[in-house]
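Enquirer: The residues making up each chain are set out below.
Protein chains: 6
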Amino acid sequence: MSMVDVTGKKLVYREAVAEGVIRLRPETVRLIKEGRVEKGDVFDVTRVAVVLAVKKTSELLPLTHPIPVTHVDVGFDIPTEDSVKVTVRVKTIAQTGVEMEALTGVVAGLLNIWDMVKKYEKDEGGQYPYTRIEGVRVVSKVKSETS
Amino acid sequence: MSMVDVTGKKLVYREAVAEGVIRLRPETVRLIKEGRVEKGDVFDVTRVAVVLAVKKTSELLPLTHPIPVTHVDVGFDIPTEDSVKVTVRVKTIAQTGVEMEALTGVVAGLLNIWDMVKKYEKDEGGQYPYTRIEGVRVVSKVKSETS
Amino acid sequence: MSMVDVTGKKLVYREAVAEGVIRLRPETVRLIKEGRVEKGDVFDVTRVAVVLAVKKTSELLPLTHPIPVTHVDVGFDIPTEDSVKVTVRVKTIAQTGVEMEALTGVVAGLLNIWDMVKKYEKDEGGQYPYTRIEGVRVVSKVKSETS
Amino acid sequence: MSMVDVTGKKLVYREAVAEGVIRLRPETVRLIKEGRVEKGDVFDVTRVAVVLAVKKTSELLPLTHPIPVTHVDVGFDIPTEDSVKVTVRVKTIAQTGVEMEALTGVVAGLLNIWDMVKKYEKDEGGQYPYTRIEGVRVVSKVKSETS
Amino acid sequence: MSMVDVTGKKLVYREAVAEGVIRLRPETVRLIKEGRVEKGDVFDVTRVAVVLAVKKTSELLPLTHPIPVTHVDVGFDIPTEDSVKVTVRVKTIAQTGVEMEALTGVVAGLLNIWDMVKKYEKDEGGQYPYTRIEGVRVVSKVKSETS
Amino acid sequence: MSMVDVTGKKLVYREAVAEGVIRLRPETVRLIKEGRVEKGDVFDVTRVAVVLAVKKTSELLPLTHPIPVTHVDVGFDIPTEDSVKVTVRVKTIAQTGVEMEALTGVVAGLLNIWDMVKKYEKDEGGQYPYTRIEGVRVVSKVKSETS
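Residue numbers (our numbering), protein chains in the order written: chain A, 40 to 186; chain B, 40 to 186; chain C, 40 to 186; chain D, 40 to 186; chain E, 40 to 186; chain F, 40 to 186.
Read the hints as simulated data drawn from the structure, not as lab findings. Be aware that one or more of the hints could be misleading.
Intra- or inter-copy, both count: the list cannot distinguish identical chains.
Stated by the list, open to error - Below, computed lysine-lysine pairings styled on DSSO-like, alpha-carbon distance capped at 30 Å:
no. : residue 1 : residue 2
1   : Lys72     : Lys161
2   : Lys49     : Lys72
3   : Lys95     : Lys180
4   : Lys49     : Lys124
5   : Lys158    : Lys182
6   : Lys158    : Lys95
7   : Lys124    : Lys158
8   : Lys161    : Lys78
9   : Lys49     : Lys157
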């Protein structure tokens with residue numbers, strides 16, 4: 040096992056966009072949209088969780104390199120009445136790509152949504168029959184000599 | 040926004056099991072199974088990534104409480120020729136449940152698998168047409184007075 | 040130099056409230072109140088920064104003990120047209136008090152406000168002639184056998 | 040909410056100096072000066088706390104960028120018989136300024152002083168009637184093409 | 040690979056003492072003793088590094104459990120003219136022993152000494168012909184029902 | 040005490056190799072070699088612990104600068120029947136050397152081996168009469184204009 044050697048690679052512009060979806064009960068999605076979740080505004084807290092998680096990627100994934108992230112952008116979307124989508128764009132000037140950073144942001148964001156709506160998703164036995172994270176993928180990766 | 044107040048709750052036995060799947064090219068799954076991934080043994084590295092991520096949950100998810108985790112167990116499964124499943128069990132004696140810890144372990148594990156097989160999953164344009172994280176869910180949650 | 044030995048102390052209910060103020064230009068305070076700060080909702084982001092900082096106290100202050108925080112609550116107030124006050128309440132069942140945790144939350148919150156409104160506070164030379172953090176203090180400390 | 044995009048900015052020399060004051064009982068200031076604080080040498084421990092906190096800035100303030108800090112310098116001053124001043128200078132070659140890094144160092148330093156002299160500052164009820172952090176500000180910010 | 044399950048274990052008093060030695064040039068040891076090392080007082084900075092490292096053990100060693108450390112004590116000794124010994128005592132009330140915490144403190148302390156005296160230890164080629172860490176061991180481990 | 044000012048230094052290729060040895064009972068070394076240690080494959084887990092520790096160096100050693108590590112390589116050797124040697128190579132393009140990073144990796148690796156074989160090393164009294172970390176040193180340091 041070893042970290043890929045990127046010593047000789049040039050510092051170039053890198054960008055990656057990743058996304059993922061959390062399936063929730065329609066009532067929960069409605070509470071999120073209307074800002075009525077008791078733990079606070081789900082989108083606001085999640086944006087912060089995403090940005091901090093992107094910056095922690097090299098601590099979480101052993102073989103990734105520390106990256107001087109220059110931009111993180113977080114978007115939300117409600118594609119169906121029972122799901123919320125998180126999209127994360129990361130930019131840098133670095134020797135290696137940032138798709139793992141974007142993906143780490145997406146899953147941290149989806150987990151944070153889950154954490155904030157646990158109360159509405161659990162059944163009487165304390166189980167989660169509906170909640171799922173799905174479709175976590177890299178939407179696009181860009182690498183170019185000029186930013 | 041605020042952290043739920045668990046001050047008055049009793050310290051009881053808590054357990055949670057979570058799982059999730061990463062979809063990969065069949066060739067990549069074969070390389071993993073045969074231990075021929077260039078970056079190292081995928082299951083071994085992933086186990087470590089999972090355990091460390093479980094212990095980092097309260098840093099990643101703003102509203103979670105610090106938990107004195109007493110056990111983490113990681114399992115792997117190859118349910119189809121194009122997917123790998125990660126299962127994580129977390130135990131504790133605490134005032135609040137550990138499903139977010141188990142889920143954090145699962146997504147960190149799936150992301151680590153992705154990171155280790157990037158090379159085999161990318162197409163010529165550097166994109167990931169097949170790779171997906173799916174079915175991340177809580178399998179079971181237990182809370183009882185005695186462990 | 041050494042960490043105070045709390046090994047023999049009883050686990051009892053502890054609570055601390057701390058507060059502090061950031062002085063800003065009246066125009067900046069207005070932008071914050073009206074939610075028109077370009078970097079995002081200042082109160083929402085600050086709440087998250089506070090809660091995460093409280094949990095990081097024992098990493099920042101060398102001689103503090105790790106504490107199983109059970110509750111963090113963050114409040115905002117606009118006492119004058121040119122200031123914002125942050126109040127943080129922390130609870131735990133522990134062998135030692137949590138005033139350093141509450142204070143760490145307050146200063147992290149005030150710094151985060153500063154970071155989000157830098158653009159409106161700087162003069163043409165890039166300096167900060169008005170911005171100040173003042174009045175950071177412990178409002179109250181409670182210790183009792185029962186929570 | 041989003042992190043400012045600094046991708047296109049040039050790497051230039053940046054420096055920031057910040058300072059702040061902690062008000063203490065005159066007896067406590069005397070103990071600090073004479074090196075008789077039971078928990079250890081306050082200036083020595085505080086210097087370490089400051090340097091480590093400066094390096095942690097991007098973990099504490101969600102919207103700050105990771106910065107390759109090249110120098111941190113910490114100074115102490117006793118401007119009156121009941122206060123201690125902490126001054127922190129941070130240097131880097133980066134795409135964005137380091138005033139938040141210098142400020143983070145200052146407040147971590149002031150909090151560490153508080154933590155080390157708690158015993159002398161508390162009244163019989165365990166409260167802190169005198170202790171305050173005041174005057175935390177950016178003294179100067181420099182940005183230039185050459186260091 | 041998995042973390043040992045300590046869920047069913049009783050919370051009892053635990054203590055561990057570890058020590059280790061760094062071999063240095065006699066001139067370097069003299070500079071340390073006389074407090075003339077340019078980077079600062081070696082013992083003071085090292086004490087802080089040790090205490091913080093002890094609290095980070097469960098982040099560094101994947102299979103260790105998070106431990107609520109209740110006391111850390113650091114001692115220094117100059118057993119020969121060309122060596123410095125670091126001794127670390129750690130106490131807790133926990134389900135598992137703290138020898139890995141004490142050992143982590145010792146090696147962090149020894150490495151910090153090395154870092155502070157690099158300048159005096161390097162030869163003209165920038166190599167370290169003398170510097171060595173030796174004799175890192177657990178001096179004693181205690182476990183008892185009462186503290 | 041202060042961090043050396045490296046602001047004016049050029050970004051050049053840097054490499055450091057460090058090594059160290061852990062003395063164990065011959066039976067324990069045999070179990071490691073044969074992959075029969077109950078806690079898991081010692082070499083695999085240790086490699087991950089080393090790489091993560093290298094990336095954490097500037098958090099552990101107060102006066103070190105954050106370094107954009109570009110490569111980490113970990114090797115194992117069994118020089119005698121009662122010892123295991125860990126060798127770590129670190130590369131970067133930076134303003135300062137990486138020997139502290141390589142050394143941090145070595146000691147984290149040796150401690151992780153210890154943690155994984157505790158059970159086989161302890162005597163009936165729970166003490167460690169044989170286990171020792173020895174010979175931690177910098178094997179070589181390279182600095183050159185071209186990588």
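Enquirer: It remains to establish, for every hint, whether it holds in the given structure.
Expert: Structure-based check of all given hints:
1. In the homo-oligomer, the alpha carbons of Lys72 and Lys161 lie at most 30 Å apart inside one protomer (19 Å), although the nearest pairing across protomers, at 36 Å, exceeds that limit.
2. Proximity of Lys49 to Lys72 under the C-alpha cut-off of 30 Å is found in neither arrangement, the shortest distances being 44 Å within a copy and 34 Å between copies.
3. For the identical chains of this complex, Lys95 and Lys180 are neighbours both inside a copy (20 Å) and across copies (28 Å), given an alpha-carbon limit of 30 Å.
4. Taking identical chains as interchangeable, the C-alpha atoms of Lys49 and Lys124 are never at most 30 Å apart, the minima being 34 Å within one chain and 34 Å between chains.
5. When the C-alpha separation of Lys158 and Lys182 is checked against a cutoff of 30 Å, the pair qualifies only between copies, where the shortest distance is 16 Å, while the shortest distance within a copy is 42 Å.
6. Taking the closest pair of Cα atoms, Lys158 and Lys95 come within 30 Å of each other both inside a single copy (28 Å) and across two copies (22 Å).
7. In this homomeric assembly, Lys124 and Lys158 come within 30 Å of each other (Cα to Cα) both inside a single copy, at 20 Å, and across copies, at 27 Å.
8. Taking CA atoms no more than 30 Å apart as the test, Lys161 paired with Lys78 passes inside one copy only; the shortest distance there is 15 Å, against 34 Å between copies.
9. Taking CA atoms no more than 30 Å apart as the test, Lys49 paired with Lys157 passes between copies only; the shortest distance there is 20 Å, against 45 Å inside one copy.
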